[in-house]
Amino acid sequence: MPLDPKYRSICFDMDGTLLNTKPRYDLMTQTIFDEYVRLGVPKELVQQGGEKFDLEKGRDWIVENISLEAYEEIAVRTAPRMLELEMDGLTDAEEFPGVKGLLMKLRGMGYRIGVLTRGGRAYVDKALEKFDMAQYLDGVVARDDFNENEAKPNPMAMRHMADAIGVQPEEILYLGDHKMDYQCARSAGSGFIGVTSGTHSEDDWHIIDSEIIVLPTIASLMDLI
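If you read the sequence shown in this note's numbering, its first letter stands for residue 882, the second for the next number, and so on.
Fair warning: there could be bad hints in the mix.
[Unchecked claim] Restricting the straight-line Cα-Cα distance to at most 27 Å, the calculated cross-link-like pairs of lysine-lysine (BS3-like) are: (1) Lys887 to Lys1011; (2) Lys1011 to Lys903; (3) Lys924 to Lys1060; (4) Lys887 to Lys986; (5) Lys981 to Lys938.
These aren't lab readings, by the way, just hints derived from the structure by calculation.
Please take these sequences and the hints and turn them into a complete structure.
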């Protein structure tokens, strides 16, 4: 199935989508959970069992019972730890086969190419440098480029991405491996394709949306262009 001609831009999530990186999401989540508990968020509201947490409920509790500022300050306090964990994940990171070929093909076809990620700017720049990816990109939006409250899944993240590469959100086709990628794209009016190279399996994606297009990796986009 060829791509809709309305798309002028193809954008990607980074971890698990553009690059096979290994961030310690479990430790990142635990770090945020510990901050929530310190602020008084009831553990039972956030903890779903074992190491599974519903951080969105914790965020909503803090905003409603304390303030938006209190929630935003968490990002400032945890930034050093998050960066440490992200950088640790680069040690065993790898390229997905065929990705650079795809990026060169897309550029040759005139698409604007971007990366929209929840990774911190210092980490993202290091990862793109390690794999020599920046040369193929027209823009990158990282978690801390703007107020963290505007990071994915907030649709503002996609609007920032669109501004960075000179298109409208509805002209972007976004590929990602996580539900929040889907939520961000859909709520901003962008197109979306899920990949199974990171967090979600094909079955997971079809539970989220039975009609979603799912690819093994972004390199498989070659078959659609």
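These are the hints, each one checked on the structure:
1. Lys887 to Lys1011: The hint is violated at about 33 Å.
2. Lys1011 to Lys903: Roughly 14 Å between the alpha carbons, so the hint for Lys1011 and Lys903 holds.
3. Lys924 to Lys1060: Within the cut-off at roughly 23 Å; holds.
4. Lys887 to Lys986: holds, 18 Å
5. Lys981 to Lys938: At roughly 38 Å apart (the allowed maximum being 27 Å), Lys938 and Lys981 break the hint.
Hint compliance for this structure: hints 1 and 5 are not met, and every other hint is.
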